[in-house]
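Chains as they are written, first to last, in full-length UniProt numbering: chain A, 1 to 88; chain B, 1 to 88; chain C, 1 to 88; chain D, 1 to 88.
There could be a bad hint or two in this list.
Any copy will do: because identical chains look the same in the list, a pair fits if it lies in one copy or spans two.
[Claimed, not checked] Within a straight-line C-alpha distance of at most 30 Å, the following computed DSS-like cross-link-like pairs (lysine-lysine) qualify:
#: 1; residue 1: Lys49; residue 2: Lys38
#: 2; residue 1: Lys14; residue 2: Lys64
#: 3; residue 1: Lys3; residue 2: Lys49
#: 4; residue 1: Lys48; residue 2: Lys3
#: 5; residue 1: Lys57; residue 2: Lys14
#: 6; residue 1: Lys57; residue 2: Lys25
#: 7; residue 1: Lys25; residue 2: Lys56
#: 8; residue 1: Lys64; residue 2: Lys38
#: 9; residue 1: Lys38; residue 2: Lys4
#: 10; residue 1: Lys25; residue 2: Lys48
#: 11; residue 1: Lys14; residue 2: Lys85
#: 12; residue 1: Lys3; residue 2: Lys25
#: 13; residue 1: Lys48; residue 2: Lys85
#: 14; residue 1: Lys48; residue 2: Lys64
Honestly, the hints are just simulated from the structure, not real lab data.
4 protein chains.
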Amino acid sequence: MEKKDRSTELNLLKTARGQIDGIIKMIDDDRYCIDISKQVLAVQALLKKTNLEILKKHMNHCVKTAFEEGQGEDKIDEIMLVLDKYYR
Amino acid sequence: MEKKDRSTELNLLKTARGQIDGIIKMIDDDRYCIDISKQVLAVQALLKKTNLEILKKHMNHCVKTAFEEGQGEDKIDEIMLVLDKYYR
Amino acid sequence: MEKKDRSTELNLLKTARGQIDGIIKMIDDDRYCIDISKQVLAVQALLKKTNLEILKKHMNHCVKTAFEEGQGEDKIDEIMLVLDKYYR
Amino acid sequence: MEKKDRSTELNLLKTARGQIDGIIKMIDDDRYCIDISKQVLAVQALLKKTNLEILKKHMNHCVKTAFEEGQGEDKIDEIMLVLDKYYR
């Protein structure tokens, strides 16, 4: 299988890393709790987006291939274990 | 496509409905906030389980069929829209 | 402490119960998985709203009183245990 | 108000940043989607823990002070807006 284009995920992760640096600085500057908390939520939103992107490509590539090879149900079980943790 | 076995989902939903009746009674009895809140969380856990079950069957049946018919990517897009709401 | 006004929570819970009845009917009618899944998500949103309402009143009444009586930290610990489950 | 001890939050954030570096490397190494996804979930769990810690201190310090000064309800409204985003 060809290597997937991961530029979207890489950009999201690098942005998330930069924002974490910013939050560490906010704490050093003793900024207001709720403002810090909102920034942490923003990073969580980026990571969520990253994970949805990973999962989408996984389904369109690996799961598709697995169904073609008659092993789709194992892949689905694997995804469900991840979704169980994603989602409340 | 044959009709799916939905007994797991039906049982979960009927249990959830019974628990909601119980929570309404807890409120009528003026029970402690945190105890009520925990029961609401328990119903949310049941609905989460219901939704994972629905999604699992959807992937093993509808998505499988769609990939076989060359329309898998549309189905994946549709699932991703639902997952986006599921998951933070 | 006077009895809290719980009409908002009761209305939300009764609506949730009605929607669950609707979902059970959707399953009996063999409706499309994704449509069922979206309705389950809608009920989860109602329960989330219910829980936020319960928590808000809890903080404005019980937690306030607890801080006045010097026992606020115990109440906060109790809330954090609930939030830990709420929130991913 | 004295400066809060933020060492727990700082350690969690620095660990999260290190894990994001690791995930970027996993992507460069073209590792399996589900393994990458699990690592993203692990960072989200760290950020969740960070936010709960921030919120707990906020409630034990700022909210306590606000209730003492008769402005507790405004603080609670502010927290509820954050919780609304936290929690599904």
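Outcome of the hint check:
Taking the closest pair of Cα atoms, lysine 49 and lysine 38 come within 30 Å of each other both inside a single copy (17 Å) and across two copies (14 Å). With identical chains, the CA atoms of lysine 14 and lysine 64 are at most 30 Å apart within one copy only, with a shortest distance of 29 Å there and 35 Å across copies. With identical chains, the CA atoms of lysine 3 and lysine 49 are at most 30 Å apart within one copy only, with a shortest distance of 21 Å there and 34 Å across copies. Taking identical chains as interchangeable, the C-alpha atoms of lysine 48 and lysine 3 lie at most 30 Å apart only when both belong to the same chain, with a minimum of 22 Å there against 32 Å between chains.
When the C-alpha separation of lysine 57 and lysine 14 is checked against a cutoff of 30 Å, the pair qualifies both within a copy, at 19 Å, and between copies, at 29 Å. In this assembly of identical chains, the alpha carbons of lysine 57 and lysine 25 lie at most 30 Å apart only when taken from different copies (18 Å versus 34 Å within one copy). For a Cα distance limit of 30 Å, the shortest separation of lysine 25 from lysine 56 across copies, 20 Å, qualifies, whereas the shortest one inside one copy, 34 Å, does not. In the homo-oligomer, the alpha carbons of lysine 64 and lysine 38 lie at most 30 Å apart only across protomers (20 Å), although the nearest pairing inside one protomer, at 38 Å, exceeds that limit.
Taking CA atoms no more than 30 Å apart as the test, lysine 38 paired with lysine 4 passes between copies only; the shortest distance there is 18 Å, against 33 Å inside one copy. Proximity of lysine 25 to lysine 48 under the C-alpha cut-off of 30 Å is found in both arrangements, the shortest distances being 23 Å within a copy and 19 Å between copies. With identical chains, the CA atoms of lysine 14 and lysine 85 are at most 30 Å apart both within one copy (23 Å) and between copies (23 Å). Only between protomers do lysine 3 and lysine 25 lie at most 30 Å apart by alpha-carbon distance; the minimum there is 15 Å, versus 37 Å within a single protomer.
With identical chains, the CA atoms of lysine 48 and lysine 85 are at most 30 Å apart both within one copy (12 Å) and between copies (11 Å). With identical chains, the CA atoms of lysine 48 and lysine 64 are at most 30 Å apart both within one copy (23 Å) and between copies (26 Å).
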